[in-house]
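Numbered according to this note's numbering, the sequence shown spans residues 1 to 353.
None of these hints come from the bench; they were simulated from the model. We put the beta carbon where it would ideally sit given N, CA and C, even for glycine. Treat the hints with caution; some may be incorrect.
[Stated by the list, open to error] For each label pair, taking beta carbons as the anchor points, the in silico distance ranges come out as:
hint, residue 1, residue 2, range
1, 269, 333, 34 to 42 Å
2, 149, 280, 21 to 29 Å
3, 205, 124, 39 to 47 Å
4, 179, 259, 32 to 40 Å
5, 37, 290, 37 to 45 Å
6, 35, 259, 47 to 55 Å
7, 330, 172, 37 to 45 Å
8, 205, 248, 16 to 24 Å
9, 256, 73, 27 to 35 Å
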Amino acid sequence: MSTVEAKSGILAVDADGHVGENGSAILEYMDYPHKEFRTGLANNGGLTPLDGQDRYLGRRLYRGPANKPEHWIEVLDKGPLEWTVLYPSIGLFSGFIKDPDYQAAYSKAYNTWISQDFCAGSNGRIMGVALLPTYDPEEAEKELRRGAANGLVGGMFSADGSHLLGDKKFDRVYKAAEELNLSISIHASGSSLAPGAEIFPKFIQSHTVAHPYGILRQFTNMMFEGVFQKFPRTRFGFLEAGCTWLPWWLDRMDEEFQHRGDVDAPNLSLPPSNFVHQGGNIFFACEAGERLLEPVMNTLGDDIIMYASDYPHWDGTYPDSLKELSDRPLLSEAQKYSVLRGSAERFYGLVVL
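Whenever a hint applies, use it, and build me the whole structure from the sequences.
Okay, structure coming up:
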């Protein structure tokens, strides 16, 4: 049990924080010949494709370090948060890697590093997920199983890239997640390399579009290809696009399904909204500043929306975001408990530490 104490009656947890990758350390776990080819690039952003955008406006938007476990323990205590589940930062761009062999090698090296060098020894307060390659679902399944053996609590696919996660070739990964009692997260990259975001002249425009579009694209494809119907016991999470788009998007999907679902979505027997309203296995991370959060929770239910710190990324506001959610007057205490703790515990299959 953590020794931190909540300032309110709820000791919150973090469904989506980020690690600052140590490229040189990850490179040490990489197989040859990829390790040899990338030597010298590790600390220069060279392990994954970057979009060349200045996210931090020099250092004006820099929020603090997150590249050592002790940094993250200090961050957790500021909230306070009892625990966090960490996702990559640079690794979010792994979906843009063109070489399938290298993508698999990078994922494997990252997963070894995050489990052995970062999460181990934190007394359960820092957890991680396996970064899953998108070109080769067989390798993705292997990494999910290896991650489970090494204490990781889920697997993550990047939302962006040339892949569509509703393709039946990924079924083996979703089946393995159910077997292992692990979650599958689809995480936005926010990259201007993302389809639909590459046309904009300024980062503020591409970043506005990239986060939600990658998630909308994968959610739509997975829904209409029947993933959520085929795997009702696998827990899926859609991260870093907020949640207040859901009612609007589900209305659109239901309308499309009504008109042509029998032809274009033969693997789906019910309107898409049913799988969110009644399934209980599809989760979404919210942002504290979403003004329509209360009506969305009242509409879709209290137990599928999760708090995410997004620390240390420049567009997050932790620990202020935690206080903002805790103080929202229109959320009931039960709803606050769900969003600040209960939903994340359910998503990751975790009991109270």
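Verdict for residue 269, residue 333 (Cβ pair) under range 34 to 42 Å: holds, 37 Å
Outcome of range test on Cβ distance (residue 205, residue 124; 39 to 47 Å): Between residue 205 and residue 124, where Cβ atoms are some 41 Å apart, the hint holds.
27 to 35 Å as the expected CB spacing between residue 73 and residue 256, which holds or is violated: violated, 47 Å
Range agreement (Cβ of residue 280 with Cβ of residue 149, hint 21 to 29 Å): holds, 27 Å
Satisfaction of the hinted span 37 to 45 Å by the C-beta atoms belonging to residue 330 and residue 172: holds, 43 Å
Beta-carbon spacing of residue 35 to residue 259 - inside the hinted bounds 47 to 55 Å or not: Since the Cβ atoms of residue 35 and residue 259 sit about 52 Å apart, the hinted range of 47 to 55 Å holds.
C-beta pair residue 205, residue 248: status relative to the range 16 to 24 Å that was hinted: Once the Cβ atoms are compared, 21 Å apart, the range 16 to 24 Å for residue 248 and residue 205 holds.
Distance restraint evaluation - residue 179, residue 259, Cβ atoms, bounds 32 to 40 Å: With a Cβ separation near 37 Å, residue 179 and residue 259 satisfy 32 to 40 Å, so the hint holds.
Verdict for residue 37, residue 290 (Cβ pair) under range 37 to 45 Å: holds, 43 Å
Going down the numbered hints, you'll see the structure goes against just number 9.
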